[in-house]
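Please model the entire structure based on the sequences and the hints provided.
Number of protein chains: 2
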Amino acid sequence: MSQYWSPLLAELSPYVPGEQRSGKRIVKLNTNENPYPPSKQVMQAISDVDGTQLRRYPEPASQNLRDALAKYHDLDSSQVFVGNGSDEVLALAFMAFFTNDQPLVFPAISYSFYPVYCKLYKIPFVAFPMSDDFSIDWLEMPNEVGGIVFPNPNAPTGLSCSLTEIESLLANNPNKVVLVDEAYIDFGAQSATVLIDRYPNLLVTQTFSKGRSLAGMRIGAAFGHEDLIAGLDRVKNSFNSYPLDVVAEAAAIASLNDETYHREHVNKIIASRDWLTKQLEARDFNVLPSAANFIFAAPRHIGAKQLHEHLNSCDILVRYWDKPMLQDWLRISIGSAEELQLLINSIDQTSGLKGDAR
Amino acid sequence: MSQYWSPLLAELSPYVPGEQRSGKRIVKLNTNENPYPPSKQVMQAISDVDGTQLRRYPEPASQNLRDALAKYHDLDSSQVFVGNGSDEVLALAFMAFFTNDQPLVFPAISYSFYPVYCKLYKIPFVAFPMSDDFSIDWLEMPNEVGGIVFPNPNAPTGLSCSLTEIESLLANNPNKVVLVDEAYIDFGAQSATVLIDRYPNLLVTQTFSKGRSLAGMRIGAAFGHEDLIAGLDRVKNSFNSYPLDVVAEAAAIASLNDETYHREHVNKIIASRDWLTKQLEARDFNVLPSAANFIFAAPRHIGAKQLHEHLNSCDILVRYWDKPMLQDWLRISIGSAEELQLLINSIDQTSGLKGDAR
Numbered sequence: 035m036s037q038y039w040s041p042l043l044a045e046l047s048p049y050v051p052g053e054q055r056s057g058k059r060i061v062k063l064n065t066n067e068n069p070y071p072p073s074k075q076v077m078q079a080i081s082d083v084d085g086t087q088l089r090r091y092p093e094p095a096s097q098n099l100r101d102a103l104a105k106y107h108d109l110d111s112s113q114v115f116v117g118n119g120s121d122e123v124l125a126l127a128f129m130a131f132f133t134n135d136q137p138l139v140f141p142a143i144s145y146s147f148y149p150v151y152c153k154l155y156k157i158p159f160v161a162f163p164m165s166d167d168f169s170i171d172w173l174e175m176p177n178e179v180g181g182i183v184f185p186n187p188n189a190p191t192g193l194s195c196s197l198t199e200i201e202s203l204l205a206n207n208p209n210k211v212v213l214v215d216e217a218y219i220d221f222g223a224q225s226a227t228v229l230i231d232r233y234p235n236l237l238v239t240q241t242f243s244k245g246r247s248l249a250g251m252r253i254g255a256a257f258g259h260e261d262l263i264a265g266l267d268r269v270k271n272s273f274n275s276y277p278l279d280v281v282a283e284a285a286a287i288a289s290l291n292d293e294t295y296h297r298e299h300v301n302k303i304i305a306s307r308d309w310l311t312k313q314l315e316a317r318d319f320n321v322l323p324s325a326a327n328f329i330f331a332a333p334r335h336i337g338a339k340q341l342h343e344h345l346n347s348c349d350i351l352v353r354y355w356d357k358p359m360l361q362d363w364l365r366i367s368i369g370s371a372e373e374l375q376l377l378i379n380s381i382d383q384t385s386g387l388k389g390d391a392r
Numbered sequence: 035m036s037q038y039w040s041p042l043l044a045e046l047s048p049y050v051p052g053e054q055r056s057g058k059r060i061v062k063l064n065t066n067e068n069p070y071p072p073s074k075q076v077m078q079a080i081s082d083v084d085g086t087q088l089r090r091y092p093e094p095a096s097q098n099l100r101d102a103l104a105k106y107h108d109l110d111s112s113q114v115f116v117g118n119g120s121d122e123v124l125a126l127a128f129m130a131f132f133t134n135d136q137p138l139v140f141p142a143i144s145y146s147f148y149p150v151y152c153k154l155y156k157i158p159f160v161a162f163p164m165s166d167d168f169s170i171d172w173l174e175m176p177n178e179v180g181g182i183v184f185p186n187p188n189a190p191t192g193l194s195c196s197l198t199e200i201e202s203l204l205a206n207n208p209n210k211v212v213l214v215d216e217a218y219i220d221f222g223a224q225s226a227t228v229l230i231d232r233y234p235n236l237l238v239t240q241t242f243s244k245g246r247s248l249a250g251m252r253i254g255a256a257f258g259h260e261d262l263i264a265g266l267d268r269v270k271n272s273f274n275s276y277p278l279d280v281v282a283e284a285a286a287i288a289s290l291n292d293e294t295y296h297r298e299h300v301n302k303i304i305a306s307r308d309w310l311t312k313q314l315e316a317r318d319f320n321v322l323p324s325a326a327n328f329i330f331a332a333p334r335h336i337g338a339k340q341l342h343e344h345l346n347s348c349d350i351l352v353r354y355w356d357k358p359m360l361q362d363w364l365r366i367s368i369g370s371a372e373e374l375q376l377l378i379n380s381i382d383q384t385s386g387l388k389g390d391a392r
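Chains as they are written, first to last, in my numbering: chain G, 35 to 392; chain C, 35 to 392.
Hints are computed from structural coordinates only; laboratory data are not their basis.
Do not take every clue at face value.
Computed, partial: chain G to chain C, Cβ under 8 Å [to be verified]: (1) L42; (2) E67; (3) Y70; (4) Y91; (5) P92; (6) F131; (7) T133; (8) N134; (9) L248; (10) F273; (11) N274; (12) P277; (13) V281.
A few chain C residues that don't get close to chain G, going by computed Cβ distances all over 12 Å [what the hints assert, rightly or not]: (14) D108; (15) F162; (16) S165; (17) F168; (18) S169; (19) S225; (20) R297; (21) Q313; (22) G337; (23) S347; (24) D356; (25) K357; (26) M359.
Backbone N, C-alpha and C define an ideal beta-carbon position, used for all residues, glycine too.
Have a look at this one:
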């Protein structure tokens, strides 16, 4: 606290990201990073950026990337927005569409950055209760809402919503923006981008950080009706004209162009997720069915907090929240086969269970 | 305009950056870009980033870059903040320190993004009148202020303030943050960073876009008392945890490490500025003494608007504002020697003057 801080600043509750501890032996399963590097075409695109591109400002709209994304998703370029990671895109969307008097609503268990944005922009919000099985209970949603946001698949549960569910939400709230945060969409859930032409109130955000192995590069996107995209551009151009650097744009376009690599590695992660789920179920964990690149699992033979501490002491990082409903659970990112085996070995140290799972 | 836009969104007046027209023959002197590419060490650092760094999130604070900047400026790391270009850093600073009831003040002629940020964050502001010679007339500043911001050197005039002037401003406003926007500091003015240890109300912003040839990479920084830096971190962590990508951080550190290249190329730009000033003065232009990588010049033999149009038709881009006080002037970025010669040739087409300047 300082006399120079604005009243707003003093009231903020900043987001706390997962720990970025580094070191050769660290098994990092705490921030849902991709275990595989980006494709060689991406690395080549980065090396190919030349000094003239760097000394010049980027084209402010990153139009080449918007065009590539439009083609990839079978949309018009006017339906595409890009930014400095999907966190930035979400923040700009909150400012553009949710700074009104009625509360923004989101499920009580969802991305913990949502209430942080709300405090930043003084947006009233209601985090409505989940079902006991962690699914989103839309009947719990207040009647008068200023907007709706939720992750699909959800985090940290990994559970997904069907397109039918999303479509009824859009149809029932035609005057409010419904923001579907698809950070983890590559790993099995159905993207709502196919609904964009029919629902002018739908905004979908995605990221290159998870399925495309570019968390270090900070690239996010939004898809929606051109009026929503124009709104995002107005906020962007009132905040930072050039949020995406030329290297990031080149890397993103190269990633979209190497679909074979993308699909192959996403499928590997899905196969590892299935393997890990079976291993943990065989060790009597409760594991939610995940459509993401992480699983949400509750050990029964040991407390989750205790297991988190044990794993931490073995240099295996997973995410734990000491909060209502979450305190019995761990969120575990899908790492490489080797990393997941180390995780299982470490879990086996905490019980007599061993070797009875394939 | 759309029914989904928030009331705030509808009222914004977004910033309009200089045109990023591209093409082989374009002479681009409109966005104050560096005519020289970044050093080979920077290019190497970019190529050296590996797939593991890209698949992982950046360290959220970009601590390695903060440490390198602290060393470079002889400050403590706790006095350094970094972000996605100095536009982002300025936006976060406005939110952190200027969202209060008293007006933020800045000179009427200064960076045209300042009033845009104010509208975004609903900050009252007063743009106080300049002296007739375009210098900042601090006597025109209102008595009750919520904060002060100005560029040094100023844009688009290129005129600089002395450290004595800045110090008296800091001493006379001990309870308000004074933000010195040093985007163009490399080209001759004295940096206020040397005052940071003595004035807890001083915040200085800088960029890698101009002197360091990295406009395409989006890297900005702020320097100030650790309480101000902590405030910026609170806003950053409520907006976007990871604003700087790993490639940008590596490029920035490499740039700081190649001081010889930096100084050599800054000196070349200063020499070109002196050459261009003489050429234009010989052609009867009024040229303000510039401490930046651009000059602000008023032709006398032709209207500035008309000359702007002529240059544009020759694929030579310079910046013109059809606004009070500015309408007789052009802002011309210091390009390469070849580009500046093309500019002079094109200007000579508009008059009988030729060859009488060295």
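How the hints compare with the structure:
1. The beta carbon of L42 (chain G) comes within 5 Å of a beta carbon in chain C, closer than 8 Å, and the hint placing it at the interface holds.
2. Checking E67 (chain G) against chain C: minimum C-beta separation of about 5 Å stays under 8 Å; hint holds.
3. For Y70 (chain G), the suggested interface contact is upheld, since its CB lies about 7 Å from the closest CB of chain C, less than 8 Å.
4. For Y91 (chain G), the interface hint holds, since its Cβ comes within 8 Å of a Cβ in chain C; the closest pair sits about 4 Å apart.
5. The beta carbon of P92 (chain G) comes within 6 Å of a beta carbon in chain C, closer than 8 Å, and the hint placing it at the interface holds.
6. Annotation: interface hint on F131 (chain G) holds; nearest CB of chain C at approximately 6 Å, less than 8 Å.
7. At about 4 Å, the closest approach between the beta carbon of T133 (chain G) and any beta carbon in chain C falls short of 8 Å, and the interface hint on this residue holds.
8. With a cut of 8 Å, the hint placing N134 (chain G) at the interface with chain C holds, because the nearest CB-to-CB distance is about 5 Å.
9. About 6 Å separates the beta-carbon of L248 (chain G) from the nearest beta-carbon of chain C, less than 8 Å, and the hint is met.
10. Of the supplied interface hints, the one on F273 (chain G) holds, with its beta-carbon coming within about 5 Å of a beta-carbon of chain C, less than 8 Å.
11. The restraint placing N274 (chain G) at the interface with chain C holds, with a minimum CB-CB distance near 5 Å, inside the 8 Å limit.
12. Restraint check, P277 (chain G) versus chain C: the minimum CB separation of about 6 Å is within 8 Å; hint holds.
13. Hint on V281 (chain G) holds. Least Cβ distance to chain C is approximately 5 Å, under the 8 Å limit.
14. The non-interface label for D108 (chain C) is consistent with chain G: the shortest C-beta to C-beta separation is roughly 23 Å, beyond 12 Å.
15. Residue placement check: F162 (chain C) keeps its beta carbon more than 12 Å from all beta carbons of chain G (closest about 21 Å).
16. No Cβ of chain G comes within 12 Å of the Cβ of S165 (chain C); the nearest lies about 29 Å off, and the non-interface call holds.
17. The Cβ of F168 (chain C) lies farther than 12 Å from every Cβ of chain G, with a closest approach of about 25 Å, so its non-interface assignment holds.
18. Remark: the non-interface label on S169 (chain C) is consistent with the geometry, its nearest Cβ contact in chain G lying 28 Å away (cut-off 12 Å).
19. The Cβ of S225 (chain C) sits about 21 Å from the closest Cβ of chain G, beyond the 12 Å cut-off, so the non-interface label holds.
20. Distance check on R297 (chain C): its Cβ is at least 17 Å (rounded) from any Cβ of chain G, clearing the 12 Å threshold; non-interface status holds.
21. Non-interface call for Q313 (chain C) relative to chain G: holds, since the shortest CB-CB distance, roughly 23 Å, exceeds 12 Å.
22. Against chain G, the non-interface label of G337 (chain C) holds: every CB pair exceeds 12 Å, the least being about 28 Å.
23. With a cut of 12 Å on Cβ distances, S347 (chain C) stays outside the contact zone with chain G, its closest approach being about 22 Å.
24. The non-interface label for D356 (chain C) is consistent with chain G: the shortest C-beta to C-beta separation is roughly 20 Å, beyond 12 Å.
25. The beta carbon of K357 (chain C) is kept farther than 12 Å from every beta carbon of chain G, the shortest such distance being approximately 19 Å.
26. At roughly 24 Å from the closest C-beta of chain G, the C-beta of M359 (chain C) stays outside 12 Å, upholding its exclusion from the interface.
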